[in-house]
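Engineer: Here are the chains, one letter per residue:
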Amino acid sequence: MKNKILNSSAFFSFSKYLENKLSEVGRFAFFAKKALVSIFNPPSRWKEIFKYIDFVGNHSLGIILLTGTFSGLALTFQIWLGFNLFSAGDLVGPTVALAILRELGPVMTGLIISARAGGAMAAQIGTMRVSEQIDALEVIGVDPIQFLVSPRVVATTIATPLMCIIFDFLALVSSYYLSIHFLGLDEGGYWDKLSAWIEISYLVESIFKATVFGFFFGLYCTFSGYYTKGGARGVGLSTNKGVVTSMVMVIVLDYILSNFIRFYYLVTA
Amino acid sequence: MTRDKVKNTITDKNAIEISGLKKSFDGGKDFVLNGVELNIPKSKITMIIGFSGTGKSVLMKHMLGLMKPTSGLIKVLGTDLSQMSERKLMKFRMKLGVMFQYSALFDDMTAIENAMFPLIEHRKDLTHDEVYSIASEKMKQSGLEPKHFDKLPSQMSGGMRKRAALARALALDPEIMLYDEPTTGLDPILTEMVDDLIYSTHYSRSGKTSVVVSHDLHAAFRIGDYVIMLNNGGVLMDGKPEDFISSKDPLVRKFVDTGIRKKDV
Numbered sequence: 001m002k003n004k005i006l007n008s009s010a011f012f013s014f015s016k017y018l019e020n021k022l023s024e025v026g027r028f029a030f031f032a033k034k035a036l037v038s039i040f041n042p043p044s045r046w047k048e049i050f051k052y053i054d055f056v057g058n059h060s061l062g063i064i065l066l067t068g069t070f071s072g073l074a075l076t077f078q079i080w081l082g083f084n085l086f087s088a089g090d091l092v093g094p095t096v097a098l099a100i101l102r103e104l105g106p107v108m109t110g111l112i113i114s115a116r117a118g119g120a121m122a123a124q125i126g127t128m129r130v131s132e133q134i135d136a137l138e139v140i141g142v143d144p145i146q147f148l149v150s151p152r153v154v155a156t157t158i159a160t161p162l163m164c165i166i167f168d169f170l171a172l173v174s175s176y177y178l179s180i181h182f183l184g185l186d187e188g189g190y191w192d193k194l195s196a197w198i199e200i201s202y203l204v205e206s207i208f209k210a211t212v213f214g215f216f217f218g219l220y221c222t223f224s225g226y227y228t229k230g231g232a233r234g235v236g237l238s239t240n241k242g243v244v245t246s247m248v249m250v251i252v253l254d255y256i257l258s259n260f261i262r263f264y265y266l267v268t269a
Numbered sequence: 001m002t003r004d005k006v007k008n009t010i011t012d013k014n015a016i017e018i019s020g021l022k023k024s025f026d027g028g029k030d031f032v033l034n035g036v037e038l039n040i041p042k043s044k045i046t047m048i049i050g051f052s053g054t055g056k057s058v059l060m061k062h063m064l065g066l067m068k069p070t071s072g073l074i075k076v077l078g079t080d081l082s083q084m085s086e087r088k089l090m091k092f093r094m095k096l097g098v099m100f101q102y103s104a105l106f107d108d109m110t111a112i113e114n115a116m117f118p119l120i121e122h123r124k125d126l127t128h129d130e131v132y133s134i135a136s137e138k139m140k141q142s143g144l145e146p147k148h149f150d151k152l153p154s155q156m157s158g159g160m161r162k163r164a165a166l167a168r169a170l171a172l173d174p175e176i177m178l179y180d181e182p183t184t185g186l187d188p189i190l191t192e193m194v195d196d197l198i199y200s201t202h203y204s205r206s207g208k209t210s211v212v213v214s215h216d217l218h219a220a221f222r223i224g225d226y227v228i229m230l231n232n233g234g235v236l237m238d239g240k241p242e243d244f245i246s247s248k249d250p251l252v253r254k255f256v257d258t259g260i261r262k263k264d265v
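The listed protein sequences correspond, in order, to chains F and W.
Take the first sequence: its position 50, counting from 1, is numbered 50 in the working numbering, and each next residue is one higher.
Take the second sequence: its position 119, counting from 1, is numbered 119 in the working numbering, and each next residue is one higher.
Looking at chain W on its own, in the form it has when it is part of the complex:
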């Protein structure tokens, strides 16, 4: 089921639609993304996988409107981000939540202050106590115990930082949650914990969409409903996880086989 043979087969309404997306950082000599065409279905966990340097994180930054495409269309929840002004983008991003690769917690704020920050900025109708109560609820939902609420990011472990970052991303109850390489640099136990956290978070928020950018194939098979594989600045293959297992494409096979062997070891 390679990209050449199958154009996106998802029939659900899409949360994100990308067509003809090209991105070059050197004035068009070299393209990191070269005509990406993909749809991300609503209410599902979509995994975007690929070898290192295939433009996964750049693609995610386009979905967030943090980067402007050289050409192409990016529709998020039906809105074209490439045409949006900076001011409108700022407002629109409230519908998106992101857990960054290295958590990106504000290092001069405690864990709870990080989770309260989006609410303080955007929910002026709430009192301080209400903000605290919502933020602590999100922290508990992310699995962070109250005894860690007042710790600064530098005083927390990698797993705790991930949980606090997830709580902050969930604070405004976003329509789409994006995870950028959420398990990079974590040990296997923490990796599984983060995967479980993504899974449980997704299914505790009915109707919401999750997008995970990762090179972890096992996570893709374990928690993903839909998988998109990038290669050479484009989509190599997209489909359900089982389609990847049965794929005959040599590059997909190489990725799948290496991933499975690594896990067996």
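So here's chain F without its partners, still in its complex pose:
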């Protein structure tokens, strides 16, 4: 009897949890639709879009510069250590480039910018919610989603791939310098293998992934901030939720997109 009660209460909790999650997914879908439609509704928000591109892009430049350079260095060094064991040093260049362009570049950029800019956006919108600034916008007759959310989503969608290109470039340049000037690899062989293995489509792949990541975390972090409840604790929780979910989803989306891209190549080959 006791087990029966326990089971039924566990089932009740699980079904309640599922119901909450499903309703949140529904709310997110509705929010996303509204944010997307609002991008094309007048008035245009170019001033806000450029302001947030500056915030998401320019302000992240320092971190991208450091992480891009050192990711390239670390990856090159580790791959060289391994490949050197069976005299395949000339494959270091293309292997690093492949890893950077297809995976590391977009994923690292997505993670870094979602943590830095996404967290800040969730916190800012959350604070505006609890301090009634969003209500004030509505009362003034300004659609808060059009004014606060859509420009941020456009900005993250534009700025993340731009940051990804910088990340990729710095990682590849640092990898080249380490390989040629410190690890003593042959420059001719390095370029030879690189040009044979690496295609421009890998860079397109990198940009495509970063664009999707930027769009998703921009949308999710603003969603999380927009529905903040409570005071300072609520802002903390929504910021945390926005950042954690965005980071997890960058990894999940990366796997999904990798499969999608492979499928696309197979179909179009």
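Read the hints as simulated data drawn from the structure, not as lab findings.
The beta-carbon is built from N, C-alpha and C at its ideal position, and this holds for glycine as well.
Each hint should be verified, as a subset may be incorrect.
[As the list claims (entries may be wrong)] With beta-carbon atoms standing in for the labels, derived distance ranges:
#: 1; chain 1: W; residue 1: Gly35; chain 2: F; residue 2: Gly231; range: 27 to 33 Å
#: 2; chain 1: W; residue 1: Leu152; chain 2: F; residue 2: Gly231; range: 20 to 26 Å
#: 3; chain 1: W; residue 1: Gly78; chain 2: F; residue 2: Phe14; range: 48 to 54 Å
#: 4; chain 1: W; residue 1: Gly27; chain 2: F; residue 2: Phe169; range: 54 to 60 Å
Got chain F; can you put chain W on it based on the hints?
Structural biologist: Quick look at chain W alone, frame taken from chain F:
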């Protein structure tokens, strides 16, 4: 003159009419507003008072269309808000100005930018200089000196923030000004200053309506033309301030007597 005995006695044309308004946040188990019936007369200062947690702010959010009622009718300036689409509501709200409890100034804009914001959004026919000139006029009308115009909300005192919030609310010259607990958390001198500001603002805008949601009884008696008292999700009493003083209703008496004693102390 309790609600049971007297149905709204105001005969003027009403700015806001509410009937059978019910609001529940938990699917109908518990009602914050339970069948509110009230009329807010045009061109007067109406005070909505009541103990904490009686649904005053929720009622105000319904008047603004920020919340949808579970059931009931809300007519503002003759328009039923409960049936209005979000897009139409956005436009309609330009007829309303609100001073929020904690001012709700946009914290990345200066005081003057806050006052200019509604004009920039809705008066595309105006040049930047014209917008600035109207906004600075509203700031002066609200008692904020030009030396404070370029301050961010975080650099302003509570009183200055209230004045800047009032200037922003007045920017589009709204038909109805709503004040949500305008004196909460302020010291007695600032409280009186804000009450005077509401009073002078109201009488400098002839024909416009003011609604003040407050638990400050003295403000209700000092500046209110008409008072509505909420209790248990409904209207306990409405009438002129002097009707409240002479009321025999025990709850009204308790509210009035406590308010007067507090002021005497």
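Engineer: Look at each hint and say if it fits the structure.
Structural biologist: Here is what the structure says about each hint:
{"no.": "1", "hint": "Gly35(W) with Gly231(F): 27 to 33 Å", "in the structure": "holds (31 Å)"}
{"no.": "2", "hint": "Leu152(W) with Gly231(F): 20 to 26 Å", "in the structure": "holds (21 Å)"}
{"no.": "3", "hint": "Gly78(W) with Phe14(F): 48 to 54 Å", "in the structure": "holds (50 Å)"}
{"no.": "4", "hint": "Gly27(W) with Phe169(F): 54 to 60 Å", "in the structure": "holds (55 Å)"}
Consistency note: the structure conflicts with none of the earlier hints.
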